[in-house]
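2 protein chains.
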Amino acid sequence: MKRIIFNLFSLNFFTLTTDFSLFFRKSSFIFSSRQILTCVLFAVMLFLGVLSRSLLTADEGMWLFEIPPVQQVQSKYNFELTEEWLEHIRLSSVRFGRSGSASFVSPHGLIMTNHHVGASQLQMHSTPENNMLKNGFYAETLADEIPCHGLECIVLHSIKDITADLDEITKDLETNTAAKARLEAISKIEQEEANKTNLHCEVITLFQGGKYHLYRYKKYTDIRLVWAPEQDIAAFGGDPDNYEYPRYCVDSSFFRAYENGNPASIKHYLKWSTNGVKENELVFVSGHPGTTNRAFTRSHLEFQRDVYFPERLDRLYRREVIYSAFAERSLENKRRIAHDLDAVKNYRKRAIGQLDGLQTPSLWELKLKDKDTIAEQCLNLYSFYTDYCYFETGEAFNSQTFRLARQLIRLAQEKEKKTTERLREYREGNIESIKRNILNDSPIYEDVEILKLTDSLTMLYEYGYKTSLPRKGTQVNAKAEYNEMFDKLSPKELAVKLIKGSKLRDVTVRRKLLEGGLDAIIASNDPMIKFAISIDPTARKLRKKYEEEFDTPITAAYTKLAKERFEKLGNTIYPDATFTLRISYGTVKGYEESGKYIKPVTNIAGMFERAESMKFQEPFNPPASWLKNKNILNLETGFNLVTTNDIIGGNSGSPLINTKGEVVGLVFDGNIYSLSNNFIYTETISRCVSVHVDVILESLKKIYNAERIVKELTEK
Amino acid sequence: MKRIIFNLFSLNFFTLTTDFSLFFRKSSFIFSSRQILTCVLFAVMLFLGVLSRSLLTADEGMWLFEIPPVQQVQSKYNFELTEEWLEHIRLSSVRFGRSGSASFVSPHGLIMTNHHVGASQLQMHSTPENNMLKNGFYAETLADEIPCHGLECIVLHSIKDITADLDEITKDLETNTAAKARLEAISKIEQEEANKTNLHCEVITLFQGGKYHLYRYKKYTDIRLVWAPEQDIAAFGGDPDNYEYPRYCVDSSFFRAYENGNPASIKHYLKWSTNGVKENELVFVSGHPGTTNRAFTRSHLEFQRDVYFPERLDRLYRREVIYSAFAERSLENKRRIAHDLDAVKNYRKRAIGQLDGLQTPSLWELKLKDKDTIAEQCLNLYSFYTDYCYFETGEAFNSQTFRLARQLIRLAQEKEKKTTERLREYREGNIESIKRNILNDSPIYEDVEILKLTDSLTMLYEYGYKTSLPRKGTQVNAKAEYNEMFDKLSPKELAVKLIKGSKLRDVTVRRKLLEGGLDAIIASNDPMIKFAISIDPTARKLRKKYEEEFDTPITAAYTKLAKERFEKLGNTIYPDATFTLRISYGTVKGYEESGKYIKPVTNIAGMFERAESMKFQEPFNPPASWLKNKNILNLETGFNLVTTNDIIGGNSGSPLINTKGEVVGLVFDGNIYSLSNNFIYTETISRCVSVHVDVILESLKKIYNAERIVKELTEK
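Chains as they are written, first to last, in this note's numbering: chain S, 1 to 716; chain R, 717 to 1432.
Be aware that a few hints might be false.
Over 12 Å on every C-beta distance to chain R, these chain S residues come out as not near it, computed from the model [stated by the list, open to error]:
1) 272
2) 278
3) 393
4) 419
5) 533
Residues from chain S shown here face chain R by an in silico Cβ test under 7 Å; the list is partial [what the hints assert, rightly or not]:
6) 310
7) 320
8) 321
9) 329
10) 461
11) 488
12) 490
If you want a taste of the chain R side facing chain S, the calculated C-beta under 8 Å gives, among others [said to hold, decoys possible]:
13) 1026
14) 1033
15) 1076
16) 1077
17) 1174
18) 1177
19) 1178
20) 1427
Keep in mind the hints are simulated off the structure, nothing from the lab. All residues carry an ideal CB built from backbone N, CA and C; glycine is no exception.
Given the sequences, and given the hints that come with them, work out the whole structure.
Now the structure itself:
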């Protein structure tokens, strides 16, 4: 029986309130069977027994490269993580876009990630004639590789601990002043370092503020699409098989980093393993796990159970239904909404699973024993959180047109301030990315925009009236805002007016407003610009309230707790996930489910069998290219595999690496039990699911005839 | 330009709070395009001009057979509705199950209704090997016809106005006492009449209590399934094409009434029209429209906008998502949940449409002028309506197992009371139907039950915690009930315990409890029985509160208003729909949509074209039997048609009848604009959609080889 350990550090709550469009779409809690409850109970029972242990003996941990699990791996697996080995892996690892993982796999800038991580790029380049997401893509020559405007990849070049410097600056200050001073110092450091090194610099908050590390990234801004398979094989089994195992997905795609118009020359990249991977073999995952919350206090978890997840799920349920109904009306509708619909389904699954966990009394029996210094802040948040989500995070104005309008307005407003005074996402180091996003010329569909905005405004309308009922009442009187909004027009009429009337879908209009700055924006008659301006004071007021009354004080409280623990346990622990580079270790290992042993590696034959059992009905329909070429494929080729690595959303696209530093797989999912990794890591049945490198190579060769890529991957 | 008239009578609110499983699945508001808004505006503008008119010149009205629109039809269409003609139509009309419409179409008891009205019967007789809902069914011989246990059909035999008798009884009493006295008198009359006539007797509340009519029904309890086509052609275009036109659905099925083991001998039945139907031809619909609310006051509509529809939609959204996800996991799951999923999708569409209408300011400008004597009662309802739905209408315990447990308990409890003291649905005349329902042995699936109950208990859990937050608080402290319920188990754990532990899915267990009566039930250790007993006091308390504080007083207020209007306008008006037999008139007529004229009749060729445009993808895939026989079909055969008849949910399965009293079509849907018939009838673009009799006959002959039925339908 393996040990199960809790990690007691937690992450800035704010990251939870944002939807990351490229966020690992497969990962989170589901708890959809009794086993997961058993597993939670089991973890809970063991909790007290392991609280004081500092040496982790399970394959737990999303470790920092700067505080690697050298001792743990050495003692458990007798393998030495040398500085050289670690540096090579770190420099081969890529953060893809805002929150995906990836790796370099050739000296010529070839980047491997998941199909689902690259999906928004495929979506953007699709046309009514060629649905690239569905049909896949292969660039026969270098010249055919498709530039992905707005997409950025970064590599973690170097790291510096600046905790002491920041502590020095804030040591005698009161919480809110300290937070502001720290933010100012961070902005300053980031900017100075960027100027000095010509690298993209970010200060990372680790151990909930227990540590601050300066990360210097090399940034690649010319990324081109090289290859992607058909969605029917990339996501074989689709949504229904998501979080399940055995699986059969070629969830992979290749991109390429360019510099000065030529393929980037890359020193550190992962060689392709041609020897496969064996059961019980030691393997590593190097990627960017997004968020874990292994140390939320009781009151914080209560807030999640009472408000955060139920309200999030209410929004996800309605969106999933509205998007699905739209998709069903025509094939073109389906193409346009496909990516949004996939994302919503995945968020919904994760949320249901986590809420289920939080509604399980046995979890709360444990939590009674927690220290809880943030109860007051959590209780206060109940009173304005919905308004905050609707107005500031924009849930009530769900449309690309609104988001662009807000970015144009805020960028113009914030640029007039000192970088340290700005909203954090508009600090100097981020400006270029925001501009690129505004000028990204991928299509925005009028009908999809009206659909989304109508639904979210309807939700706002409902909420507006709800809040004025006798039985309810929020501190922020949102109703006042609606009087103006809905007095003349229904939500649908307003949505039609804003979307049909707006010219923001035209990138040349956006460019003009961007270049014209604040004056041009204030003078604009665009209805969405005017609407977003009218909303902004309310939104900013809520943002300020959220930061001052919740985010800043709880961060300080968690920091204090984290520092205490860090002092006690030192370098034997790892921080909660922060969308930054981590390494986890584990082995290739099957597991038991309902008394049945599930083997760790599937093969091509298994995929065809599953398709047959589902009568080849979507999403169990392999593409024509696979059916046609079945006879020339080696049916024994490894397809997917499971390992014990500790992963979470954001790890999608991470390379699975053997001790020789070769890539043996491509992480794309976790099994249903891994979803609990948000709060608890359990080695017994929690598994990381990867695409086997063999199936990628076999299909590149025999199905996609991608010889130039095969050669590039396998050349010595 | 046609006149648009409002009908100012409204219906008992209670009918709105129940899901009728056989309820016309196609009808309600959608307003999903701007046209419908235009149409509402148009209606609103005309409203003041027509308020004082008593002669309806549009094809409006769901008329009583006892107060038929003789004058209107005579003056507009120069056709005389004779007593003889009306009696023949009335006695040919059938109420199918609790809320579907149908008609006799042969002297041997052959009943025609929609495929979707008969769907739950097809579902019940399906097995993992033969999905009858999907594959259709044909009984080659009489002996092959499948008995449908628990299904009842009734025919309106005779009618008596008892308003004066009841008014005499209640004339000097205070509202609540009067209501009770009236109920007692009604129960007594129903029972006495039933004993006297050997007919099923019901007192119908018309004109919101302005009139009480005693309806005596002949009841058929041995109903057998004769024929149903494949679902792919019955519901061609599926959910996406629902409420749209042109359409191509063979939404029909045949059943047969038996008496004493032989086909019932039927004097009044509709002959099959062999001459088709012409544009502008006068046609009638005789059926059982369920509910219209054409006279809700401003406060009543506000309640619907603020609470009723938003809360209903929240529940429908989550169910649609949960059911869809379940369906996607395997073909067997899909079969098991298909009927529930279809129903939820349809309810969702209707609710979205109606809420959209209520969120449209132009509607409210009109409503300012309404008399409103029930504002206080509506406001009071806000405070306990959710609890009422969750506990009394059972939304929080969504499962067949719970419903059976409650029926067993309440039947045992209520039977010990005088029939006049009982909950209305347990009055003596209903006891046999309830028993038949309890002993209905169609399969109940454990996994589906767990799925549904888990989700609805999760919703209850969320609500329980929400109500104890500082920002909310209901008058009924529901939270107290949850302390016990969820203190030890999560919603999922509780659902698993209740469903897995219960033996109620076994009909022999139910029979034993039914026969054992209250003692056996109290002594039962069945966890669901125990659970339902523990819930019942809360549920009954809410039921009592709802009836005493809302339903009874508003009924009285509406009655007063209705009587005033009835006295003024006499027999020139019709009451709101009440799931009882009505007749409406209209003509076969196309309409304009987005500037394009839509022809009234489609044909078989059009169906094949639509299928091709959707690449024959589900639900645009005609079944193999149609593809195979395309070459022998007459492609010009009429498929569906639209008429101006005033219909609403419940009319599904109604015959469309020509002046000769022949059946020319089978009502199965309304177009999107007809959804507004709930509040407003508009002749300009609101249309009733029917299956053309020709396509039924053509397919019976050439596709289903159902010669004995063809002969039966067409013999002179």
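### Ascending list of hint numbers which this structure does not respect
Of the numbered hints given earlier, the structure breaks just one, which is hint 20.
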